[in-house]
Amino acid sequence: MNPKEQLSKVIDNIEKVIIGKRDIVELSMVAMLSHGHVLLEDVPGVGKTMLVRALAKSVGADFKRIQFTPDLLPSDVVGVSIYNPKDMEFNFRPGPIMGNIILADEINRTSPKTQSSLLEAMEEASVTIDGVTMHIPKPFFVMATQNPIEYEGTYPLPEAQLDRFLLKIKMGYPTPKEEMEVLNRSQLSMPIEDLQSVISLEELLELQRQAKNITVDETIRSYIVDLARQTRVDPYVYLGVSPRGSIALMKSAQAYALLKGRDFVTPDDVQYLAKFVFGHRIMLRSEARYDGISAEEITERILTKTKVPVQRLVGQ
Amino acid sequence: MSSVRKNKAFMAILYILVFLLLTEWLTPVITLTDTGHKNLFLIFIGISLVMALLQVHWAISAGVKILYITWFLIHVYTETAFFSIDAISYILSDLRVNFEALFAQDWAMTTDIFRTVLFFSLLWMAVYLIHYWVGFRLSIFLFYILTVVFIAVLDTFSPYNGDTAIIRIMVVGLMLAGLLHLARWLEGHRINETMDRLAGFIIPLFLMVAASTAIALYLPKAGPIWPDPVPYITSFSGEGGPGPGTVGRIGYGVDDSELGGSFVGDDTPAFQVEVEDGQYWKVETKDTYTTKGWELSEEVAEPVVYGNGERISTEFEPGTEEESVNAVLDMEQDFPFILYPYGTETIQMDGEFSYSYAPTDQKIQPLLSGAPVEPERVELQFNEPTYSLTGLRETTVEKLAELPPEFDRYKQLPEELPQRVRDLAAEITMNSETVYDQARAIENYFERNGFEYSLTDIPVPEEDQDYVDQFLFDTKRGYCDNFSTSMVVLLRSLDIPARWVKGFNEGVQIDVETDSDSEIYQVTNNNAHSWVEAYMPGVGWMLFEPTIGFTGTSQIDFDLDIETSDPEEQELPDRPEQPEVEDQDEAAAAANNNGPSFWERTGDFIADNKGAFIFGAIAFLLLATVMFIKRHKWLPKILVPYYNRRNGKQTFEKAYLRLLKQLDLYGIKRQEGQTLMSYARYIDAFFGTKEMTRLTASYEQAVYGGEPETVDWHELKESWENLINRTSS
Numbered sequence: 001m002n003p004k005e006q007l008s009k010v011i012d013n014i015e016k017v018i019i020g021k022r023d024i025v026e027l028s029m030v031a032m033l034s035h036g037h038v039l040l041e042d043v044p045g046v047g048k049t050m051l052v053r054a055l056a057k058s059v060g061a062d063f064k065r066i067q068f069t070p071d072l073l074p075s076d077v078v079g080v081s082i083y084n085p086k087d088m089e090f091n092f093r094p095g096p097i098m099g100n101i102i103l104a105d106e107i108n109r110t111s112p113k114t115q116s117s118l119l120e121a122m123e124e125a126s127v128t129i130d131g132v133t134m135h136i137p138k139p140f141f142v143m144a145t146q147n148p149i150e151y152e153g154t155y156p157l158p159e160a161q162l163d164r165f166l167l168k169i170k171m172g173y174p175t176p177k178e179e180m181e182v183l184n185r186s187q188l189s190m191p192i193e194d195l196q197s198v199i200s201l202e203e204l205l206e207l208q209r210q211a212k213n214i215t216v217d218e219t220i221r222s223y224i225v226d227l228a229r230q231t232r233v234d235p236y237v238y239l240g241v242s243p244r245g246s247i248a249l250m251k252s253a254q255a256y257a258l259l260k261g262r263d264f265v266t267p268d269d270v271q272y273l274a275k276f277v278f279g280h281r282i283m284l285r286s287e288a289r290y291d292g293i294s295a296e297e298i299t300e301r302i303l304t305k306t307k308v309p310v311q312r313l314v315g316q
Numbered sequence: 001m002s003s004v005r006k007n008k009a010f011m012a013i014l015y016i017l018v019f020l021l022l023t024e025w026l027t028p029v030i031t032l033t034d035t036g037h038k039n040l041f042l043i044f045i046g047i048s049l050v051m052a053l054l055q056v057h058w059a060i061s062a063g064v065k066i067l068y069i070t071w072f073l074i075h076v077y078t079e080t081a082f083f084s085i086d087a088i089s090y091i092l093s094d095l096r097v098n099f100e101a102l103f104a105q106d107w108a109m110t111t112d113i114f115r116t117v118l119f120f121s122l123l124w125m126a127v128y129l130i131h132y133w134v135g136f137r138l139s140i141f142l143f144y145i146l147t148v149v150f151i152a153v154l155d156t157f158s159p160y161n162g163d164t165a166i167i168r169i170m171v172v173g174l175m176l177a178g179l180l181h182l183a184r185w186l187e188g189h190r191i192n193e194t195m196d197r198l199a200g201f202i203i204p205l206f207l208m209v210a211a212s213t214a215i216a217l218y219l220p221k222a223g224p225i226w227p228d229p230v231p232y233i234t235s236f237s238g239e240g241g242p243g244p245g246t247v248g249r250i251g252y253g254v255d256d257s258e259l260g261g262s263f264v265g266d267d268t269p270a271f272q273v274e275v276e277d278g279q280y281w282k283v284e285t286k287d288t289y290t291t292k293g294w295e296l297s298e299e300v301a302e303p304v305v306y307g308n309g310e311r312i313s314t315e316f317e318p319g320t321e322e323e324s325v326n327a328v329l330d331m332e333q334d335f336p337f338i339l340y341p342y343g344t345e346t347i348q349m350d351g352e353f354s355y356s357y358a359p360t361d362q363k364i365q366p367l368l369s370g371a372p373v374e375p376e377r378v379e380l381q382f383n384e385p386t387y388s389l390t391g392l393r394e395t396t397v398e399k400l401a402e403l404p405p406e407f408d409r410y411k412q413l414p415e416e417l418p419q420r421v422r423d424l425a426a427e428i429t430m431n432s433e434t435v436y437d438q439a440r441a442i443e444n445y446f447e448r449n450g451f452e453y454s455l456t457d458i459p460v461p462e463e464d465q466d467y468v469d470q471f472l473f474d475t476k477r478g479y480c481d482n483f484s485t486s487m488v489v490l491l492r493s494l495d496i497p498a499r500w501v502k503g504f505n506e507g508v509q510i511d512v513e514t515d516s517d518s519e520i521y522q523v524t525n526n527n528a529h530s531w532v533e534a535y536m537p538g539v540g541w542m543l544f545e546p547t548i549g550f551t552g553t554s555q556i557d558f559d560l561d562i563e564t565s566d567p568e569e570q571e572l573p574d575r576p577e578q579p580e581v582e583d584q585d586e587a588a589a590a591a592n593n594n595g596p597s598f599w600e601r602t603g604d605f606i607a608d609n610k611g612a613f614i615f616g617a618i619a620f621l622l623l624a625t626v627m628f629i630k631r632h633k634w635l636p637k638i639l640v641p642y643y644n645r646r647n648g649k650q651t652f653e654k655a656y657l658r659l660l661k662q663l664d665l666y667g668i669k670r671q672e673g674q675t676l677m678s679y680a681r682y683i684d685a686f687f688g689t690k691e692m693t694r695l696t697a698s699y700e701q702a703v704y705g706g707e708p709e710t711v712d713w714h715e716l717k718e719s720w721e722n723l724i725n726r727t728s729s
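Residue numbers (this note's numbering), protein chains in the order written: chain R, 1 to 316; chain L, 1 to 729.
Just chain R, with the same shape it has in the complex (with noise of 0.2 angstroms):
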């Protein structure tokens, strides 16, 4: 079976239980495939759970949820050490982080100190307790989700933090035809229940491999320089995407080459992952604000005003 067939057939495993959203579950292997983690930014109850829940059964893998709240602590997530006077020693007991994939519910409603403390989780895929490194089992992904930000109680994520996230999706609402549909499928029983995994977690580590061969040219890879060029010097943009972004772009597109059954990476990809990696990255000057333009629409434009390379390099 090749990589393509494999993973439509996650796909399609997901699309079961998540109803005409094929964009976000693809979106959600993309990330993935290429060792990231997503940002889901979205209002309640259009589904996020459902989604990462289904994406670890399909790949039958270990599911763990947070629910961020503003009293959570950092051990709450990572684990703590306890000491056990029976044996008269400290015992690990390991927080929900050391699992395969995890939903961090809300990120944005608990203390900067406890989001830097599942960040830095995602960014080094391990844990250091009482100066104990832990690593976290492979495959690792994070789907965080937020509401957005304008709402009350909320505490955004730092610029930095931010960066972590490969990809940030908006899930958005059903359309009603679809919507009927979700009702259809949940009047009996909820459908995740019946899911079954339809690749191992061995299968999974081999495509996160085949995803790092796919042919990126180097007319691809100067593209991708030229998008994140561009954001830094846009008027509107206060801090542009940074090299990080650049390999984000990067890897992500080899996974969607990968998803696609291409063994090369194409501007097309690149263009169509801009949107989810760059979105996030770009900090807006308040005049932005003022004008009314949103990071989604200068990379809009930034696509728009940049040229796709359609000659190979001289000399290749």
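What the hints contain is simulated information worked out from the structure, not anything from laboratory work.
Ideal Cβ placement from N, Cα and C applies to all residues, glycine included.
The reader is advised that the hints may include incorrect statements.
Some chain L residues judged to face chain R by a derived CB distance under 7 angstroms, without partners named [what the hints assert, rightly or not]: (1) Ile668; (2) Glu672; (3) Gly673; (4) Thr675; (5) Glu700; (6) Tyr704; (7) Gly705.
Please build the complex by placing chain L on the supplied structure of chain R, with the hints as guidance.
Just chain L now, with coordinates in the frame of chain R:
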């Protein structure tokens, strides 16, 4: 982004070439304005360019330049040491004076120092502008064209000789344009090359330019087919001749309708001649005086054609010396006529030549199978005419009245001729008895009455001024045209037939041919000359030389023995009735039809058919434009067979890119930020095909996938052909 611009060695080459180009600008300016210190100005340009190249901070750069300018001013205008208190205060006070003059708008008060400062500022700006063109725009074409135009205009309209400058500009400009094209190309493809690799481009480019220039230089070149554009342009614009204070260049010209103005010497060789004694070399005469200059009346008789070596009959009977004299002319310029001495008997050239003698202006034109040619080597037999003194003594004034009407055109004078000119002629000849005495009296008048020979500061007559009148009464200084024209007019006012002759004087003797007892003369443009022929009734036409400092007199036989020849005999046989010359325009038109000069005819042909030419050019341009705009219609017809035959590894990629261009011409533009695939989908939706997506997928595989070998051009050919044919429908 700026990969090439960071390559200092490459940029240094560009700036050196720019420096050379700027030198070509500076040289004529310095020469024409009589400015000194060219090298110091060049050093300034050099310093400015080096600092631009090294991207010195603007403040430092400006400081250095101002320092240099100050040093220049002190060095050139004051005797004092560098930056002494005196010098500085002198400069400052001078600047103050000038600024006061500026604010008072008293331009004449500005001093040389201030003008120098302004000139430096101009250079500064020029360097900055070029730095921008070369360093940022990577494009020099505009400046290059300006340079060529500048030098060409100066060469044409000023004494500056740009013969070699234009070659240097060509070489430097081609190099610059080539290198900048390379730079733009490198930048367009984001290539960062080392100097070693660039040398692979630069050296062949240099060799190409050098080789093509060398070949162009040493290949034989055809003479100009266009007449000297200056009189054409000036006559066209109605300005008329070089205005007062303007400077022309000496030489044999075609247009004499606007005489006057100053001249500078020009020692371009015209021809060399081997002859026993120096001679006046006649080209043609003109008969109609217009108050401003000379024109030729309508053709009075068909040209008479003589064969090689056949005895020619000019209006001057050869002399009676026993032996004729031989003259060999080696032409160094392309003249479409024969230069002949007085008393010419035969003309000989190597080949099947014949010679057409025009009685209207006495011009002899060599013909090769009926078509005019430009002679290279001409051999002439001649015998200098001699005039019997007895005959000349009998040239009574009464005989003038009996002359046949053919001579009327040589008595023509414009009605506006001021009376004081006629009065002067009468006064000069008051004591002369015969026509010959009158002519001699006029000939000698100038030398004895304070006239001055000069080439410079000669005005052009104003609209209401007569050329002769101005010379005789106002300026009293001039060159051959002034003297000869005045003499003709004075003669004519006494009813003596006279005409104005153009040609060359004897030139400078440069060698002696010992064995053949002949001398070699070098004749240059400086020897272009004009003089007078007057008709002595009962004797014939005679040469007169009124110009001070020239000695071209006719031989007089004092034996009083020779029979004077009948004037009727001297006239050419069957000369038709001479038409009246009244209408100046008609005369000019006649001159056009008559003037056998190749230049004249080319120029006139174009002038006559100007409408047709303009129409043709517009039609051609329109056609070319339409062809260009509609090229998507016919290009596929060429492209399809071309790419069909090709089979190389990159053929598909090239064909695909060609297709993109073709679609662009068709009107479906791909936006810069649009990917090939989304464009392909649009194309397919537009044409209702699936082929563009298919081609694009293969193309993406080849380019982005780095696997060009997996693409089979043969399979895709049909789709490609199908699409490209749609663009032409």
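Among all the numbered hints in the text so far, which are the ones the structure does not match?
Violated hint: only 1; rest satisfied.
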